[in-house]
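Undergrad: These protein sequence lines map, in sequence, to chains C and U.
Note that my numbering gives residue 981 to position 981 of the first sequence, counting from 1, and the numbers run on in steps of one.
Note that my numbering gives residue 16 to position 16 of the second sequence, counting from 1, and the numbers run on in steps of one.
Treat the hints with care, as some may be off.
[As the list claims (entries may be wrong)] Chain U is faced by these chain C residues, among others (derived, beta-carbon under 8 Å):
hint	residue
1	Pro205
2	Ala206
3	Gly207
4	Arg327
5	Ala328
6	Asp418
7	His487
8	Leu488
9	Asp491
10	Ser495
11	Gln498
12	Gln499
[To be verified] Distance windows between CB atoms, simulated:
hint	chain 1	residue 1	chain 2	residue 2	range
13	C	Gln1080	U	His46	49 to 55 Å
14	C	Val536	U	His46	28 to 34 Å
15	U	Asp41	C	Asp507	47 to 53 Å
16	C	Ala335	U	Ile50	20 to 26 Å
17	U	Ile50	C	Asp92	49 to 55 Å
18	U	Ile50	C	Glu817	33 to 39 Å
19	C	Glu345	U	Ile50	17 to 23 Å
20	C	Met1035	U	Leu59	55 to 61 Å
21	C	Arg347	U	His46	21 to 27 Å
22	C	Ala339	U	Asp41	33 to 39 Å
23	U	Gln14	C	Gln598	51 to 57 Å
24	U	Ser26	C	Asn280	53 to 59 Å
25	U	Gln14	C	Glu345	34 to 40 Å
[Stated by the list, open to error] Non-contacting residues of chain C with respect to chain U, defined by C-beta distances greater than 12 Å in every case (computed):
hint	residue
26	Pro317
27	Pro372
28	Arg494
29	Gly671
30	Asp672
31	Phe700
32	Ala1043
33	Ser1059
34	Tyr1061
What the hints contain is simulated information worked out from the structure, not anything from laboratory work.
Glycine included, C-beta positions come from ideal geometry on N, C-alpha and C.
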Amino acid sequence: MPKAAPYRLTWIPEHGIYALRDDQQHEQTLPVAPGSQEWFAWLTGIPSFTFSGQHGQLTVRQEARRGTGAYWYAYHRRGGKMLKRYLGRTADLTPAHLEEVARELAAPSASHPTQEPTARDPLQGTAQAELPLRVFTSDSGGVDADAESRPAAAPRQSVQDDPLHHLLMSKLQMPRLRTRLVPRSHLTQRLQQGTEQALTLVSAPAGFGKTTLLAQWIAECGLPVACLCLEPEDNDPVRFLSYVIGALRMVDAHLGATALALLRTPQPPPPETVMALLSNDLMRSSTGDFALVLDDYHLITAEPIHRALTSLLEHMPPLMHLIIGTRADPPLPLARLRARGQLTELRATELRFGVAEADAFLEEVMGLHLTPQDVATLQARTEGWIAGLQLAALSLQGRPDVSSFLPAFTGSHRFVLDYLSEEVLSRQPIPVQTFLLQTSILSRLSGSLCDTVTGLEQSQAMLEALDRANLFVAALDDEREWYRYHHLFADLLRSHLQQSEPALIPDLHRRASAWYERHDLISEALQHAFLAPDVVNAIRLIEQHTHALAFRGQAHTVLNWLHALPDGLVRTHPRLCFSHALLLVFTGHLAEALLRLQEAEQSASHISPADEVQGLLKMVANVQAYILFLQGDLASSVALAEQAADQLAEMPVHVREVASVIAAHRLLVSGDVRHGGGQRVARLASPHEALSDVFAMEVFVHLTSILLQARLLRLQGRLRQAATTYEQMAQVQAGHEGALIHPGYCFGLGELCYEWNDLDAAERLLQQGREGLRGPLTLAADSIAAGYASLARLHQARKQHHNALALLDAFVQLANERQFAPAQLTFASTVRAHVELMQGHLAAVVGWAEASGLSAEDEPAYPREREYLTFARVRIAQGREDPPGPFLQDAQDVLARLLSDAEAKARIGSVLEILVLRTLAFAAQGNRTQALTLLERALLLAEPEGYVRLFVDEGEPMVALLRHAYARGIAPDYVATLLSAFGEQPMAAPSRAWHPQGPHSTFHHSVPVHFAQPSAPLVEPLTERELEVLRLLVMGQSNAEIARELIITVGTVKRHVNSIYGKLGVQSRTQAVARAQTLQLL
Amino acid sequence: MYMYEIRVQGHLDQRWSAWFDGLTISYDADDNTVLHGPLVDEAALHGVLIKVRDLALPLLAVSREKADASMQT
Chain C
1 MPKAAPYRLT
11 WIPEHGIYAL
21 RDDQQHEQTL
31 PVAPGSQEWF
41 AWLTGIPSFT
51 FSGQHGQLTV
61 RQEARRGTGA
71 YWYAYHRRGG
81 KMLKRYLGRT
91 ADLTPAHLEE
101 VARELAAPSA
111 SHPTQEPTAR
121 DPLQGTAQAE
131 LPLRVFTSDS
141 GGVDADAESR
151 PAAAPRQSVQ
161 DDPLHHLLMS
171 KLQMPRLRTR
181 LVPRSHLTQR
191 LQQGTEQALT
201 LVSAPAGFGK
211 TTLLAQWIAE
221 CGLPVACLCL
231 EPEDNDPVRF
241 LSYVIGALRM
251 VDAHLGATAL
261 ALLRTPQPPP
271 PETVMALLSN
281 DLMRSSTGDF
291 ALVLDDYHLI
301 TAEPIHRALT
311 SLLEHMPPLM
321 HLIIGTRADP
331 PLPLARLRAR
341 GQLTELRATE
351 LRFGVAEADA
361 FLEEVMGLHL
371 TPQDVATLQA
381 RTEGWIAGLQ
391 LAALSLQGRP
401 DVSSFLPAFT
411 GSHRFVLDYL
421 SEEVLSRQPI
431 PVQTFLLQTS
441 ILSRLSGSLC
451 DTVTGLEQSQ
461 AMLEALDRAN
471 LFVAALDDER
481 EWYRYHHLFA
491 DLLRSHLQQS
501 EPALIPDLHR
511 RASAWYERHD
521 LISEALQHAF
531 LAPDVVNAIR
541 LIEQHTHALA
551 FRGQAHTVLN
561 WLHALPDGLV
571 RTHPRLCFSH
581 ALLLVFTGHL
591 AEALLRLQEA
601 EQSASHISPA
611 DEVQGLLKMV
621 ANVQAYILFL
631 QGDLASSVAL
641 AEQAADQLAE
651 MPVHVREVAS
661 VIAAHRLLVS
671 GDVRHGGGQR
681 VARLASPHEA
691 LSDVFAMEVF
701 VHLTSILLQA
711 RLLRLQGRLR
721 QAATTYEQMA
731 QVQAGHEGAL
741 IHPGYCFGLG
751 ELCYEWNDLD
761 AAERLLQQGR
771 EGLRGPLTLA
781 ADSIAAGYAS
791 LARLHQARKQ
801 HHNALALLDA
811 FVQLANERQF
821 APAQLTFAST
831 VRAHVELMQG
841 HLAAVVGWAE
851 ASGLSAEDEP
861 AYPREREYLT
871 FARVRIAQGR
881 EDPPGPFLQD
891 AQDVLARLLS
901 DAEAKARIGS
911 VLEILVLRTL
921 AFAAQGNRTQ
931 ALTLLERALL
941 LAEPEGYVRL
951 FVDEGEPMVA
961 LLRHAYARGI
971 APDYVATLLS
981 AFGEQPMAAP
991 SRAWHPQGPH
1001 STFHHSVPVH
1011 FAQPSAPLVE
1021 PLTERELEVL
1031 RLLVMGQSNA
1041 EIARELIITV
1051 GTVKRHVNSI
1061 YGKLGVQSRT
1071 QAVARAQTLQ
1081 LL
Chain U
1 MYMYEIRVQG
11 HLDQRWSAWF
21 DGLTISYDAD
31 DNTVLHGPLV
41 DEAALHGVLI
51 KVRDLALPLL
61 AVSREKADAS
71 MQT
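In isolation and in its complexed conformation, chain C is listed as follows (with noise of 0.2 Å):
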C-alpha cells in the first residue's frame, strides 16, 4: 500500500467544491484550486497525494523519470489487489481526469482488472516483481522503453497492468494441469524424494509426459518451487541467468540482487561469476527447502549455460534441489553425481503408461469406453508413450467400430504416430484443421495473436475448444490467455503444413511479426521476421530497436542473426553497421565495434532522407567516443564526444548524456581545474535520482560522472574532499540494492590511502579494484593505469621490487588484451622508470629518458605531465652524480614550464610534486636556502590535506631535507609525521614542543609505514610448477638436481627460483624456505 499522502483533495458535497488540506497540520486547507495554475505549479513539488472525489479514491503517486520529467500514476485497493493507472504529466491531472480514473477503477468490471503478485507497496512491488522481467519487456516503465519506442506523453501503465505480463510470466511456471489426469504417485513420490539429493533428471523423448508429471509433483509437493519453462530463445546467457533469478525470486524475492543487477551491465561476466553470486545468496537465503525446475533443458545449446549449470550443481546448497526436465541428457556432470548418489533419475522406462494407467487414461481423461482387451492392444502397440495413446484415443472417439479400427495398429508406435496424427487432423472441421496448421508456426498462442495470424476471429473461443477436446493445446495462466500446443503436436502440424501449403508459411510469419511488433515484443518480432523470412523488415526492427534490444538481455541473440546475414548486406546498410556495432560494444568486442562504426561512416551516404547522415554520424561519433574513451585515448574521445554532444537532441536521453559525460573529460585533457569544470561535473554527479531506475547506461552516466568529480577535486589537491566523494559513491552503490563495489572507487580510494600511507588498506582496495576489473563495471583505461601505478608504487614503498615490476608487466599484458590506447603504455612505461628510479637503476632510467624524445626545451602539455615529471626526476638524479653538468639546470627548466601550467591552470596536485622536485633540485644544486623556501610552501599547502607519500617516496635527499626543516621550525607536527613515516625520528629539537599525537593524528598518514610483513599473504600466489620448484629447493637440491628432476634446464630453473624469491619478496634460499614456512605454502 503507498504510503498515506500527508494531502487530501476531497470533494466537499455540500459546497460543491473540493478542498485541499494537508493532514500532517491540523487538516489546514491550502489555497489552491485544484485545476489552476497554482494547482499545477503546486503539484510538482509534491510526490503523492490522497484524492476522494465523487466517484472514489485513489492514491496519486509521482514518478519522476530523468529527463522526461514527471508522470502520474494512481493507486486504488479494491478486493485485495492493487490496482494501478497511468494518469499521465502533470498537466493532466484535472479534477475531472481524476473522477474518471477513480470511477473506473472503483467500478468491479473495469475493463483490465489488474493485480500484482502479491498485495505489497506498488512501487516497491513493482521494483520487486518486475525486476526479472524488465530486462526483455520494454513495458516496465523503463527509461529505455520511455526515451525510444513510445512517445513521451505516453508512458505505458506498469508492467502488471499488461496483458503480456502473461506472456512473460507464463514461463516462470508451469502450463496449467488439466482437471481430469491420470494419478501417477509412484513418480511424484520419486520425484519427492529426489529433493533429498541435488538433482532430478527427468529425460525421455517427447510425448511421455514430463511436464505434466512435473506440474502434478509441484501441485502436491508442498515445498516452494522456483520453474522455468525454456525456449531456444533462452540460449542467450544473459537472458537465461536473468530468467533464472526471476524464477528464485518467486520463491525469494531477496535472491539474486546482485547478480540481477550485473545482469544489466553493458558488459556482463561470464556466467559462472553471477551463479557464484547466486549461489552465496542461496547459501544464505532463510527459504527453507525448495527446488529450481528447469523444464525443456534440451533447448539449451550454449555452452556458457551448461558452464553456469554445472557450477551451480557444484555449489548448490543442501536446501535446493534442482529438476531438470529433457529430451536430452544435458552435458553435466551427471556420472559424478550419479556416483555420489546425487542423482535421482526418472526416464522413458519409468515415464511410460502401464496398462492400468492407460485404461485411466482411456476412461477418466479421453472418455472412451473400451473393453480391457482394446485397452491392452493400444498400450501395447503405444508401448505406454502417452502422446500415442492420447493421439489413438482421439482417432478413436465417437467412431462406433473400435475394433475394426485396432487392426490398423501393425509396426512400431511411431507408425501409429504417423498415421494418427494425420487420423486426428482430418477428423477435424476443415476450420479446426485451417486453425491448427496456421497457427502452428507459433510457439504460443493468444487469441489476438491467432486473430491476426489466421486473419479470423473468435480465435480465442477456438482455443478453449481446442483444450477441452484434449487436443495437445495447454494454457499458460490462469487467465487463459496465453496457450502453447504441446511440441511435438506442434511439430506434427508444421510438417503438415510445410507439405500442404508451404507459400503460406512466410506470410503467417509476417503476420506474426507484426503482431509482435505492435505489441512492443521485438525480440519476438524479429524472430518471426527472421524465420518468414523477411530480411527487410529484420533489418528494420533491429535497426529502430537496437538499443532496447540490447538492454533487454537479447545482443547475444540478435548478434547471432546478424552473423546468418550477408556482410556485404550489413555492410550497405549504415544504421545496420551502427546497430551492430553498439551490440558489439555491449557483448564486450570494442574492436570489432570500432571496424562497423568506419563502415557505418563510409556507407552513411547510402542514407535518404539525406538529412539523416548527419543524425547517424553524430551516433556513429558518440559510440567512437564510449569505446575510445574505456580503451584510454581521451583526448579523441573528448573530442568526439564534444562534437556529437551539441546536436543530440533528438537522441534518447541516455545518449545524449554519454556523450556529456564524457565531453565533461575535457578538464583531464587540459589539465584546467579552475571554476568551470567543476560546476559542471557538479552537476552531473549530484542527483541521486539516476538511480532509482537504474539501467546500464544511467549506471555508466553516473559512476563515471562521480569519478570524474573526485579525479577533479584530486588535481585540485583536496584529497579529503575526493574521499568523501568515493564514500558518497559507495553509499550510493549500497542504497541501490545488488550494486557492486566499483573498480574505479576501489582505484581512486586505494590511491588516496596511499598517499596518506595508510598502506594495508591502499593495498587492499587497489587489490579488490584489480579484481573488480575482471566485473562488468567497465572502467576508463587511464583510470585503471592509474590504479596499477599506485598499486606498482606501493610495493616499492614495501621493498618488493619484483612485485612492483611485475605489476607493471601485468599491466601490459591486460593493456594489451584489452586493446588499450598507445597512450596508457606510454604511462605504463613512466611509472616503470619512476619505480626502476626508485630502485637505484639509474643506467636504465636514463636510457628511457634518452628514449622518450622529451627534451628540457619542451613545451609540456598536461597529458604528458606524468612523463615531464619523471624525465625532471631522472635529470636531478643524473646532476646527484654530476652537479656541475647540464642535468640540474635541465631539470629546473622543465620544472619551472610544468609549474606555471599547474599554478595557471588550478591543479594544486602537480604544484606540490612540482615544488617537491624543485627542493629536491635546489638541494642538488646546494642551494639549500631556496630548497627550503620551495619545501616551507609545499609543506604548508600539503599538511591540511595529509599528503604523505608526496615527500616520503623521494627517499634520504628528501629525509635530509625534512630534517633541516624541522631544526627550523617549519610545519614541526607535520614534519615529524613525515619522519616518522620514514621510520626516522627527528634529529634535534623543534623551535617548539613536537605532539606525536598531534592535530593529525586522526589522519591516515599517522599510521606507520609496513615493510614487508612476514605473515602477509602472497599478493601473486606461485603457481604449481613454482610450488615444484619451491617443494625441492627446500629439501636442499641444487639447482642442477631440481633440473634433473623435473626434467627442465637449468636456465629454466633459475627463471623460476627468481620468480619465487620475487613473490615471496626474499633475497634468498634461506630466506625463502624460512616464508614459505611462515606462509604454509607447503
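Could you slot chain U onto chain C? The hints should help.
TA: Below, chain U without anything else, positioned relative to chain C:
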C-alpha cells in the same frame, strides 16, 4: 557435402520428406524408414538428428558416404 543415411525405427510417411530438409524417404526390408540425401556439414546432420529426437523416432543407424561429384557443386 556428404551423403548421409539415417535409419529410424518404424514406417514414416513420404510427406515427412520436406520436414527433413528434402532427404528422400525409403523403407528397408523390416519396414524401417531410411532417410537419405546430402547434408552440408556436421551441423546440418545434428539438426536432422534433433528433428528425429523431437519426433521421438528411435534412431537405428547413421552412416556417411562421400557425395558423388555432381553433389559437390
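Undergrad: It remains to establish, for every hint, whether it holds in the given structure.
TA: Results of checking the hints against the structure:
Because the smallest distance between the Cβ of C/Pro205 and any Cβ of chain U comes to about 4 Å, under 8 Å, the interface hint for this residue holds. The criterion of a C-beta within 8 Å of any C-beta in chain U is met by C/Ala206, whose closest approach is roughly 5 Å, and the hint holds. At a threshold of 8 Å, the smallest CB-CB gap from C/Gly207 to chain U is about 6 Å, leaving the interface hint in force. Taking 8 Å as the C-beta cut-off, the interface hint given for C/Arg327 holds, the closest approach to chain U being about 6 Å.
Restraint check, C/Ala328 versus chain U: the minimum CB separation of about 6 Å is within 8 Å; hint holds. Hint status for C/Asp418 relative to chain U: holds, with the closest Cβ pair at about 5 Å, below 8 Å. Evaluation of the C/His487 hint against chain U yields a held restraint, the C-beta minimum of about 7 Å falling below 8 Å. Below 8 Å, beta-carbon pairs count as interface contacts, and C/Leu488 has one with chain U at about 7 Å; its hint therefore holds.
With 8 Å as the threshold, the beta carbon of C/Asp491 comes within range of chain U, its nearest partner Cβ sitting at about 6 Å, so the hint holds. About 4 Å separates the beta-carbon of C/Ser495 from the nearest beta-carbon of chain U, less than 8 Å, and the hint is met. The interface hint given for C/Gln498 is met, as the beta carbon of that residue sits about 5 Å from the closest beta carbon of chain U, less than 8 Å. Look at C/Gln499: its Cβ gets to within about 5 Å of chain U, closer than 8 Å, so that hint holds up.
Look at C/Gln1080 against U/His46: about 50 Å separates their beta carbons, and that is inside 49 to 55 Å. Between C/Val536 and U/His46 the beta carbons are some 31 Å apart, a value that agrees with the proposed interval 28 to 34 Å. As the Cβ distance of U/Asp41 to C/Asp507 is approximately 31 Å, the hint placing it in 47 to 53 Å is violated. The hint said 20 to 26 Å for the Cβ distance between C/Ala335 and U/Ile50, and at roughly 23 Å that hint holds.
Checked against the hint of 49 to 55 Å, the pair U/Ile50 and C/Asp92 passes, with Cβ atoms roughly 53 Å apart. Our hint of 33 to 39 Å for U/Ile50 and C/Glu817 holds, since their Cβ atoms are close to 37 Å apart. Under the hint 17 to 23 Å, the C-beta atoms of C/Glu345 and U/Ile50, about 22 Å apart, fit the expected range. Taken as a hint, the range 55 to 61 Å holds for the pair C/Met1035 and U/Leu59, whose Cβ atoms sit roughly 58 Å apart.
Checked against the hint of 21 to 27 Å, the C-beta distance between C/Arg347 and U/His46 comes to roughly 22 Å, which is consistent with it. Distance hint for C/Ala339 and U/Asp41: a CB-CB separation of about 36 Å, consistent with the stated range 33 to 39 Å. Take U/Gln14 and C/Gln598: their Cβ atoms lie about 52 Å apart, and the range 51 to 57 Å holds. Distance hint check for U/Ser26 and C/Asn280: the Cβ-Cβ separation is about 57 Å, which falls inside the suggested range of 53 to 59 Å.
Between U/Gln14 and C/Glu345 the beta carbon distance is about 37 Å. The supplied range of 34 to 40 Å therefore holds. No beta-carbon of chain U is positioned within 12 Å of the beta-carbon of C/Pro317; the least distance is around 33 Å. Residue placement check: C/Pro372 keeps its beta carbon more than 12 Å from all beta carbons of chain U (closest about 26 Å). Annotated as non-interface, C/Arg494 brings its C-beta within 12 Å of a C-beta of chain U; the closest such distance is 8 Å.
Distance check for C/Gly671 against chain U: the nearest CB is about 56 Å away, which clears 12 Å, and the non-interface claim stands. Separation of C/Asp672 from chain U is adequate, the least Cβ-Cβ distance of about 58 Å exceeding the 12 Å criterion. Distance check for C/Phe700 against chain U: the nearest CB is about 37 Å away, which clears 12 Å, and the non-interface claim stands. For C/Ala1043, the condition that its CB be more than 12 Å from all CB atoms of chain U holds, with the nearest at approximately 46 Å.
Remark: the non-interface label on C/Ser1059 is consistent with the geometry, its nearest Cβ contact in chain U lying 44 Å away (cut-off 12 Å). With a minimum CB-CB distance of about 51 Å to chain U, C/Tyr1061 clears the 12 Å threshold, and the non-interface call stands.
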